Amino acid sequence: GAVVSQHPSRVICKSGTSVKIECRSLDFQATTMFWYRQFPKQSLMLMATSNEGSKATYEQGVEKDKFLINHASLTLSTLTVTSAHPEDSSFYICSAHQAGGYNEQFFGPGTRLTVL
Amino acid sequence: GENVEQHPSTLSVQEGDSAVIKCTYSDSASNYFPWYKQELGKRPQLIIDIRSNVGEKKDQRIAVTLNKTAKHFSLHITETQPEDSAVYFCAAQYYNQGGKLIFGQGTELSVKP
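Those sequence lines, one after another, are chains A and B. Quick note on my numbering: the first sequence kicks off at 8 and runs consecutively. Quick note on my numbering: the second sequence kicks off at 1229 and runs consecutively.
By construction, these hints were calculated from the structure, which means they are not laboratory data. Just so you know, these numbers come straight off a predicted model, no measurement behind them. Each residue gets a CB set at the ideal place from its N, CA and C atoms; glycine is no exception. It is possible that part of the hints are untrue.
What the hints assert, rightly or not - Derived pair list, reagent style DMTMM-like, types lysine to aspartate or glutamate, alpha-carbon separation capped at 20 Å:
no.	chain 1	residue 1	chain 2	residue 2
1	B	1340	B	1243
2	B	1299	B	1255
3	B	1340	B	1307
4	B	1270	A	111
5	A	71	A	95
6	A	48	B	1243
7	B	1286	A	111
8	B	1285	A	111
9	B	1265	B	1233
10	B	1299	B	1233
11	B	1270	A	72
12	B	1265	A	111
13	B	1265	B	1336
14	B	1270	A	95
15	B	1270	B	1311
16	B	1286	B	1255
17	B	1340	B	1311
18	A	48	B	1267
19	A	48	B	1336
20	A	48	B	1312
21	A	73	A	29
22	A	62	A	72
23	A	73	A	94
24	A	71	A	29
Unchecked claim - Some residues of chain A that are not near chain B, with every Cβ distance over 12 Å (derived):
no.	residue
25	17
26	29
27	51
28	89
29	119
Full structure from sequences and hints, please.
Structural data, given as structure tokens:
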């Protein structure tokens, strides 16, 4: 149980285009999902907290108009990187907190974004 | 502010030796402290966690200790094996901020046969 999927696993796009990444909780309801970004040889940096049916809460320094987050249901959150540039190339990972659960977060497998 | 410091950044041990990784956190409101193992290109894998009402927890070769007063928590791996080689991250959870996790900088552990 407690499986989180992400799609796509890898994406290569041209500079200036937008890319959408999906995060799904497959066998549980997630009231809260989190989006992280990880550059090579660095830690996971929290970008935003996504709550079902409400606006996401962004961490300091993360541009909300560039990284659009939509948490439309209890099993799906999407992150759209708008007007992507090479510096946005990174490993994006989501995690989900189970509704009614206590502490543990369940991580998706990540999405490798490369912007040319 | 919210901050988690992790040391060392790299750690090399001989197979069979013990490895210790230490973290400190800044916010006394943190109540949950997980440890993750991450292999290259993969998702973080939870290996052990501890809640703020417990001082120590052990699971076979892995143990975690928590000192709430000092805001320190540590990961102990005994009888290390080459397959323990990976990057390890500590994290602190802020339950009153939606349960978000703040990660330490990571420790690259290398276990030499």
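These are the hints, each one checked on the structure:
1. Of the pairs offered as hints, the one joining residue 1340(B) and residue 1243(B) holds, with about 6 Å between alpha carbons and a cut-off of 20 Å not exceeded.
2. A C-alpha spacing of about 8 Å is found between residue 1299(B) and residue 1255(B), which places the hinted pair at or below 20 Å, so the restraint holds.
3. Between residue 1340(B) and residue 1307(B) the CA atoms are separated by roughly 12 Å; this keeps the pair inside 20 Å, and the hint holds.
4. A C-alpha spacing of about 18 Å is found between residue 1270(B) and residue 111(A), which places the hinted pair at or below 20 Å, so the restraint holds.
5. For the hint pairing residue 71(A) with residue 95(A), the CA-to-CA distance comes to about 14 Å; that is within 20 Å, so the pair holds.
6. Distance restraint check for residue 48(A) and residue 1243(B): the Cα-Cα separation of roughly 24 Å exceeds the 20 Å cut-off, and the hinted pair is therefore not satisfied.
7. Note on residue 1286(B) and residue 111(A): the hinted pairing holds, with a Cα-Cα distance of about 17 Å set against a maximum of 20 Å.
8. Proposed proximity of residue 1285(B) and residue 111(A) is supported: the alpha carbons are some 16 Å apart, at most 20 Å.
9. Taking the CA atoms of residue 1265(B) and residue 1233(B), the gap is about 17 Å. The hint holds against a cut of 20 Å.
10. Proximity of residue 1299(B) to residue 1233(B) is assessed by CA-CA distance (about 11 Å); at most 20 Å being required, the pair is judged to hold.
11. For the hint linking residue 1270(B) to residue 72(A), the alpha-carbon distance of about 28 Å lies beyond 20 Å, and the restraint is violated.
12. Distance check on the hinted pair: residue 1265(B) and residue 111(A) sit about 15 Å apart at the alpha-carbon level, within 20 Å; holds.
13. In summary, the hint linking residue 1265(B) to residue 1336(B) is supported, as the alpha carbons are separated by about 10 Å, within the 20 Å threshold.
14. Proposed proximity of residue 1270(B) and residue 95(A) is supported: the alpha carbons are some 19 Å apart, at most 20 Å.
15. The hinted pair formed by residue 1270(B) and residue 1311(B) meets the criterion: a straight-line CA distance of about 15 Å does not exceed 20 Å.
16. For a cut-off of 20 Å, the pair hint linking residue 1286(B) to residue 1255(B) is broken: about 25 Å separates their Cα positions.
17. For the hint linking residue 1340(B) to residue 1311(B), the alpha-carbon distance of about 10 Å falls within 20 Å, and the restraint holds.
18. Restraint check for residue 48(A) and residue 1267(B): the C-alpha separation of about 11 Å stays at or below 20 Å, so the hint holds.
19. A threshold of 20 Å between alpha carbons decides the hint, and for residue 48(A) with residue 1336(B) the separation of about 9 Å falls inside it, so the pair holds.
20. Under the criterion of a C-alpha separation no larger than 20 Å, the hint pairing residue 48(A) with residue 1312(B) is consistent with the structure, at around 18 Å.
21. Our distance criterion of 20 Å between C-alpha atoms is met by residue 73(A) and residue 29(A), whose separation comes to about 16 Å.
22. Taken as a hint, the residue 62(A) and residue 72(A) pair is honoured in the structure, with Cα atoms around 12 Å apart against an allowance of 20 Å.
23. Pair hint residue 73(A) plus residue 94(A) holds up; C-alpha atoms about 13 Å apart against a cutoff of 20 Å.
24. With a C-alpha separation of about 17 Å, the suggested pairing of residue 71(A) with residue 29(A) holds against the 20 Å cut-off.
25. The claim that residue 17(A) lies off the interface is violated: its Cβ sits roughly 10 Å from the closest Cβ of chain B, which falls inside the 12 Å cut-off.
26. Separation of residue 29(A) from chain B is adequate, the least Cβ-Cβ distance of about 15 Å exceeding the 12 Å criterion.
27. Look at residue 51(A): its CB is around 5 Å from the nearest CB on chain B, not clear of 12 Å, so calling it non-interface is violated.
28. Residue-level check passed: residue 89(A) sits 23 Å from the nearest beta carbon of chain B, beyond 12 Å.
29. Remark: the non-interface label on residue 119(A) conflicts with the geometry, its nearest Cβ contact in chain B lying 7 Å away (cut-off 12 Å).
Checked against the numbered hints given earlier, the structure breaks hints 6, 11, 16, 25, 27, 29 and satisfies all the rest.
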